Amino acid sequence: AQSVAQPEDQVNVAEGNPLTVKCTYSVSGNPYLFWYVQYPNRGLQFLLKYITGDNLVKGSYGFEAEFNKSQTSFHLKKPSALVSDSALYFCAVRDPFSGNTPLVFGKGTRLSVIA
Amino acid sequence: DAGVTQSPTHLIKTRGQQVTLRCSPKSGHDTVSWYQQALGQGPQFIFQYYEEEERQRGNFPDRFSGHQFPNYSSELNVNALWLGDSALYLCASSSGQPTDTQYFGPGTRLTVL
Chain A
1 AQSVAQPEDQ VNVAEGNPLT VKCTYSVSGN PYLFWYVQYP NRGLQFLLKY ITGDNLVKGS
61 YGFEAEFNKS QTSFHLKKPS ALVSDSALYF CAVRDPFSGN TPLVFGKGTR LSVIA
Chain B
1 DAGVTQSPTH LIKTRGQQVT LRCSPKSGHD TVSWYQQALG QGPQFIFQYY EEEERQRGNF
61 PDRFSGHQFP NYSSELNVNA LWLGDSALYL CASSSGQPTD TQYFGPGTRL TVL
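Chain order of the listed sequences is A and B.
Be aware that the first sequence starts at 1, since it is given in our numbering, and climbs by one per residue.
Be aware that the second sequence starts at 1, since it is given in our numbering, and climbs by one per residue.
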């Protein structure tokens, strides 16, 4: 069965510093991987996805993520954090060999960017 | 272009009651998925509708049921509510392909007292 782990419940970073939010996955074959962001009392907003091809994926709001097959990881990164990036971040996976399966989400990582 | 919309925004019910939540998908999308997000947790898949049929179902009891209409909008019904059903209910729409992005609505916050 497919699964996602986000090992950090909370990440704190100073404004202007680079940020990383970690995600590891477990799925048979090559996964489809997604990052979403959730602001308070809001739904999930799509940031980026990896389907195939270049391991470095660029997304919305300056975010990027690197797919690493050997480490089964898909960490979210941003070179310079903004206070407005403070939110809850979810990594999700879908197994492409199991048909049109739903997304399986991690428990989320709360990012706090301190001015 | 309107995104995914959900109604109502908030809902308060008492134990034993039933509730209906509604979702309109993003224009051009024909597949609707429902998720339950409990406080402090990631979204959990309830079920997915395509061509007015339930295509997949997660590990939720039969108290959770749904429907999809010819215009692709969808309803989630929950019967015999209990306290544990209190959560944010999210609707997501897509074109149904495995590579497609699911776009989420703002959610309905259900509180069961």
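Rather than coming from a laboratory, the hints here were simulated on the basis of the structure.
Just so we're clear, the structure is a prediction, and the values are computed from it rather than from any experiment.
Mixed in with the good hints there might be a few duds.
[Said to hold, decoys possible] Here are a few chain A residues that face chain B, going by a calculated C-beta distance under 8 Å:
| id | residue |
| --- | --- |
| 1 | 39 |
| 2 | 43 |
| 3 | 56 |
| 4 | 58 |
| 5 | 62 |
| 6 | 102 |
| 7 | 109 |
Glycine residues also receive a C-beta, built at the ideal position from the N, C-alpha and C atoms.
For this session: Against the earlier hints, flag every one the structure doesn't satisfy and list their numbers going up.
Result: 1, 3, 4, 5 and 7
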